[in-house]
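The chain contents come next:
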Amino acid sequence: MGTKTLIPIGPYHPLQEEPELFKLFCDGEIVKDIKWETGYNHRGIEKLSESKTYDQVFFLVERICGICSTSHPFAFANAVEEIAGIDITDRTRYIRSIIGELERIHSHLLWVGLAGHFLGYNTVFMWAWKYREPILDLFEKITGNRNSYAMFKVGGVRRDIENNKISTIRKTLSDVKKKTDLLTGAVMDDPVIHARTKGVGVLTRQDISDFGAVGPTARASGVSIDIRRDDPYAAYPLVSWKVITAEEGDVFAKVKVRLLEMYESISIIEQCLGGLEKTPEGDIAVKVNEIPEGSGTGRAEAPRGEVFHFVVSDGSNSPVRHKIRAPSYVNIATFKKSCIGQTISDATISLAAVDPCYCCTERMAVALDINSGRKLMNAKELIELSLKRTIELKKKIT
Amino acid sequence: METDLVIEKLKKSFDTEVLKVTKKSERRATVSVKPESIVRIAEYLYKTAGLRFIIASALHTKRGFEINYHFSLDSTGLVLNIHVIINRENPQIESLSNLFNASNWIEREIHELFGIDFLNHPNQEKLISEGNWAEGVYPYRKEFK
Amino acid sequence: MAIKIKKVGFKNYCFKKSLWVFHFGGASCNNCDIEILDCLTPRYDLERFGILLVGSIRHADVLLVNGSINKRDKDRLIEIYNQAPKPILVVAIGACGCTGGIFAEGITFAGPVDRIIPVDAYIPGCPPKPEAIIAGIVKLAGR
Chain A
4 MGTKTLIPIG PYHPLQEEPE LFKLFCDGEI VKDIKWETGY NHRGIEKLSE SKTYDQVFFL
64 VERICGICST SHPFAFANAV EEIAGIDITD RTRYIRSIIG ELERIHSHLL WVGLAGHFLG
124 YNTVFMWAWK YREPILDLFE KITGNRNSYA MFKVGGVRRD IENNKISTIR KTLSDVKKKT
184 DLLTGAVMDD PVIHARTKGV GVLTRQDISD FGAVGPTARA SGVSIDIRRD DPYAAYPLVS
244 WKVITAEEGD VFAKVKVRLL EMYESISIIE QCLGGLEKTP EGDIAVKVNE IPEGSGTGRA
304 EAPRGEVFHF VVSDGSNSPV RHKIRAPSYV NIATFKKSCI GQTISDATIS LAAVDPCYCC
364 TERMAVALDI NSGRKLMNAK ELIELSLKRT IELKKKIT
Chain B
1039 METDLVIEKL KKSFDTEVLK VTKKSERRAT VSVKPESIVR IAEYLYKTAG LRFIIASALH
1099 TKRGFEINYH FSLDSTGLVL NIHVIINREN PQIESLSNLF NASNWIEREI HELFGIDFLN
1159 HPNQEKLISE GNWAEGVYPY RKEFK
Chain C
2 MAIKIKKVGF KNYCFKKSLW VFHFGGASCN NCDIEILDCL TPRYDLERFG ILLVGSIRHA
62 DVLLVNGSIN KRDKDRLIEI YNQAPKPILV VAIGACGCTG GIFAEGITFA GPVDRIIPVD
122 AYIPGCPPKP EAIIAGIVKL AGR
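Protein chains in written order, with the numbering used here: chain A, 4 to 401; chain B, 1039 to 1183; chain C, 2 to 144.
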């Protein structure tokens, strides 16, 4: 649960020397233990949800996290529609999936930028965030906002994607594909990135299973979990794509999985656009009279993994209980395995590799000496250490 | 089909512990069990039946504290809820965190929000409440008249 | 030869250009945080105005605060403000920073930013677009 933005950027970063989330206890160069504190971002959302009507809850859950802002309304809509037994229209399915996949692309690009920054490749950071902008513009054209789109409602979507917008979307996608090729080429072939990320922050299949980790974190260790395929919703039963996995479980595998997933997302969107053209314009909602008593489970595949919402209803206008579990809740706990035994200079990239959603985590880490508890270095210094290591490796390799 | 099989096997292994089965659809089912059996059932589901622990959710109702342990069978998309009711006066239940790490944080959180004691939890310390609300206050409990 | 600093208004002169900005994020959804960072990326590129994001409050001219402040953050915000070299301009960003937004009714809410520290400018929005953030800061600097 993050308080401060922990997007540390180059020589300028908004980090402070305050209690951090992760305390890395170090013996010399090696990390021996991790302790974390959280609660800085606790906003009491589940309780707030009980005092809002079902329609209002969508606006609330969108703001749980800004980066994966669609996946929470998605899962919530799935849960409520399950309680009420609502069957949504095909056009709704396509629109929902398009928004979800566009978000996956922009989220992965954001992450690639950050990972590049932690490794010392600030150019990658600037490029990746620049290439995100056309997608945010697209969101603005379709939904009216760059983030927090307010597209979902019970039984449908609020705004239609008119057929005359489809060609703009296609053009933007083909641009994004070219830029993704550029970025993928730059990242995957770089020997220094290989040296910094291969064998680092490894999570085995057993670790994934023990912590219940999900999303690209799990898929990079060979555990093929993807809610879009396992528990299909929206348009996913109507389109086809590959679930990308890797076997090694290290940071490089996680980078690879995320980069390749972007191509699959582009393919899904193109298929959904084709589906949109075949469905009648404007057919985007079904009438819902009331939500009966009962309980429902909604899941969605966010860029970081499985989002789980459990809603209990008593027939009134507000949920009685709304349990929300974001993927970072289980993924972050895996730090205990992936960081222990590593050197401090690898700590930041290992931590960043599970793509912690910043609102579910805090600023990064601080390193403490295991014997004296004395602070060795703060987060800014940890990142500088990571940069130094990249420079050393560069000298050795090139 | 698969779901029926999973539930049948569960009932056979834990004949006396299973109180009620509600199957909503092929991918959603709830099994109510006795609270004392939760660790053995979770062990069976995780080790033998190959389910993944998603999360646990607690709810305060007139019957007491109801906890749903949500498990997922990824090969079929089934979400199996294991439901227990524990009494309001002395709310405690065995912790699952000695079986796997996936439940460690959520049990600490439920402890802070509802005041339920998870027995033998490896580190039942504060997770989110430090500075946010006082000791002995359990904000998600409801007041029933 | 005496330097006529007093007449020019030394402090105001320094504030005219090249603002160094420190960012404090409260309990936020991070949308605002990302839009602030977006201002540094090539499309908006605040650096060409000399505006830098700094790592320590002691180097900053402007304190950007966003997010609804929960009880745990409140003390830290006060500490940060006390450590800041005066004069410092405080800007509350986003609906949460200005009024608490939708989280104002939450159980851990500790008051919008202006109840905790004095605020000089508000940039509302959920999240405010980078253009709005830039416009806000430029307006503040030109004041």
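Please keep in mind that the hints were generated in silico from the structure rather than gathered at the bench. Since the structure is predicted, the reported quantities are computational estimates derived from the model, not experimental observations. From the three backbone atoms N, C-alpha and C, an ideal C-beta is built for every residue, glycine too. Keep in mind that the hints are not guaranteed to be accurate.
Subject to a maximum C-alpha distance of 20 angstroms in a straight line, what follows is the list of computed SDA-like cross-link-like pairs (lysine to any residue) [as the list claims (entries may be wrong)]:
#	chain 1	residue 1	chain 2	residue 2
1	B	Lys1164	B	Glu1181
2	A	Lys35	A	Lys174
3	A	Lys50	B	Glu1104
4	B	Lys1100	A	Ser319
5	A	Lys174	A	Asp184
6	A	Lys133	C	Ala142
7	A	Lys133	C	Ala133
Beyond 10 angstroms from chain A on every Cβ pair, some chain B residues (computed) [said to hold, decoys possible]:
#	residue
8	Lys1047
9	Lys1058
10	Asn1106
11	Asn1119
12	Glu1127
13	Ala1140
These stretches of chain C come out as covered by chain A in the derived footprint (C-beta under 8 angstroms, 3 or more residues) [what the hints assert, rightly or not]:
#	region
14	22 to 31
15	42 to 49
16	88 to 95
17	107 to 114
18	125 to 131
Consistency of the hints with the structure:
1. B/Lys1164 <-> B/Glu1181: 24 angstroms, violated
2. A/Lys35 <-> A/Lys174: 50 angstroms, violated
3. A/Lys50 <-> B/Glu1104: 16 angstroms, holds
4. B/Lys1100 <-> A/Ser319: Satisfied, since the Cα-Cα distance of roughly 17 angstroms is no more than 20 angstroms.
5. A/Lys174 <-> A/Asp184: 16 angstroms, holds
6. A/Lys133 <-> C/Ala142: 27 angstroms, violated
7. A/Lys133 <-> C/Ala133: 18 angstroms, holds
8. Lys1047: Lysine 1047 of chain B clear of chain A: closest Cβ-Cβ about 20 angstroms, beyond 10 angstroms.
9. Lys1058: 14 angstroms, holds
10. Asn1106: 7 angstroms, violated
11. Asn1119: 8 angstroms, violated
12. Glu1127: Glutamate 1127 of chain B clear of chain A: closest Cβ-Cβ about 21 angstroms, beyond 10 angstroms.
13. Ala1140: It is violated; alanine 1140 of chain B is separated from chain A by about 3 angstroms at its closest Cβ, not greater than 10 angstroms.
14. 22 to 31: holds (count 9)
15. 42 to 49: holds (count 3)
16. 88 to 95: Result for this restraint: violated, n = 0.
17. 107 to 114: holds (count 4)
18. 125 to 131: holds (count 3)
In summary, the numbered hints that this structure violates are 1, 2, 6, 10, 11, 13 and 16.
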